[in-house]
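A.B. asks: Between the sequences and the hints, there should be enough to build the whole structure, so can you do that?
For the protein sequence lines, the chains are A and B, in the order given.
Just so we're aligned, residue 1 is where the first sequence starts under the numbering used here, counting upward by one.
Just so we're aligned, residue 1001 is where the second sequence starts under the numbering used here, counting upward by one.
The set of hints was computed from the structure by calculation and includes no laboratory data.
This structure is a prediction, so every number in the text was calculated from the model and none was measured.
Don't be surprised by glycine CBs; every beta carbon is placed ideally from N, CA and C.
One thing to keep in mind: the hints can contain errors.
Computed spacing ranges between beta-carbons, pair by pair [what the hints assert, rightly or not]:
(1) Leu1058/B / Gln11/A: 46 to 54 Å
(2) Ile72/A / Ile1055/B: 16 to 24 Å
(3) Arg1015/B / Gly99/A: 29 to 37 Å
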Amino acid sequence: MEKIPILRMGQFLLVTIQVDLYDQLAENLESDLVNMVKTHNAAGVLIDVSSVSIIDSFMGRILGNIATMSKIMDAETVVVGMQPAVAITLVELGLPLKGVHAALNVEKGMELLNSKLLLNKNEEDEDLEHDDNSDSSE
Amino acid sequence: MVIVKEQDVVPFRNRVKEAAVKIGMGLVNQTKLITGASELVRNMLKYGKGGVAKIEILSTSRDRGIRLIFEDKGPGIPDIKKAMQDGFTTGRSMGLGLPGTKRLMSEFEIWSEINKGTTVTVVKWKNG
Ligand SMILES: Nc1ncnc2c1ncn2[C@@H]1O[C@H](COP(=O)(O)OP(=O)(O)OP(=O)(O)O)[C@@H](O)[C@H]1O
Ligand SMILES: [Mg+2]
Chain A
1 MEKIPILRMG
11 QFLLVTIQVD
21 LYDQLAENLE
31 SDLVNMVKTH
41 NAAGVLIDVS
51 SVSIIDSFMG
61 RILGNIATMS
71 KIMDAETVVV
81 GMQPAVAITL
91 VELGLPLKGV
101 HAALNVEKGM
111 ELLNSKLLLN
121 KNEEDEDLEH
131 DDNSDSSE
Chain B
1001 MVIVKEQDVV
1011 PFRNRVKEAA
1021 VKIGMGLVNQ
1031 TKLITGASEL
1041 VRNMLKYGKG
1051 GVAKIEILST
1061 SRDRGIRLIF
1071 EDKGPGIPDI
1081 KKAMQDGFTT
1091 GRSMGLGLPG
1101 TKRLMSEFEI
1111 WSEINKGTTV
1121 TVVKWKNG
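C.D. replies: This is the structure in structure tokens:
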């Protein structure tokens, strides 16, 4: 059975979509990702769509689902490398990619996730002013 | 081309792309055409129990284009006006397929009759 590989990069997960998704494949990807986010306590998910030439409402919904589920588990989702023609088409189609961040490439996507992490961490630090265990070793 | 299963979607999209490339359609219009085709073919599978999709190349003195016809013998659409609204769905989806595809195409026509089926015809002009 065909499967989309998920790579672990530090506290992030990277998925590169290179084939056209169909129902079963997309569902497997969704559940695999959720499991990986949970077991590795991932802080972010990067989805590389640079080799995807068509994003229709079906695939848009998959991306949205991944973002929603990741968010519930405290992870942010970034879609990276969307082709300009695909982006233009998505806007006209009217697809709102709710909760999905976008970045030009994987590197920029990581930067974005790191800056989000920092933001979240600072907020937490403000909440817990006298927290001595600020060093989070694994 | 007969469409009866999920696995027919990708080959069909490839055929649409070949036709668009053949008439020299630009990348953005190609992407709009194939995305719209994908929406309609999925509707045909999900709601119309499959059907037939046709690809035609149009040539006029002013422009060239692609016409796509999607014909199914499914349950039909009771209220086309409603179905054409953003967000209307009976499939717990986003209800974007029909109205979104209309926006992506140059021309869009829909015919439907209860218990007879649904036919959607769209045209995308190379320069339109
Ligand atoms: N070929 C068809 N036969 C019967 N009913 C259809 C057909 N195509 C669309 N419909 C009806 O029209 C509604 C709207 O279709 P549309 O494609 O806009 O949205 P959707 O398929 O429900 O959601 P999305 O396309 O965003 O995943 C559908 O929910 C369905 O009830
Ligand atoms: Mg649809």
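A.B. asks: Determine for every hint whether it applies to the structure shown.
C.D. replies: Status of the hints after comparison with the structure:
1. Leu1058/B / Gln11/A: 46 to 54 Å: Given a distance of about 53 Å, which is inside 46 to 54 Å, the answer is holds.
2. Ile72/A / Ile1055/B: 16 to 24 Å: Violated, at about 42 Å.
3. Arg1015/B / Gly99/A: 29 to 37 Å: Cβ of Arg1015/B to Cβ of Gly99/A: about 35 Å, so the range 29 to 37 Å holds.
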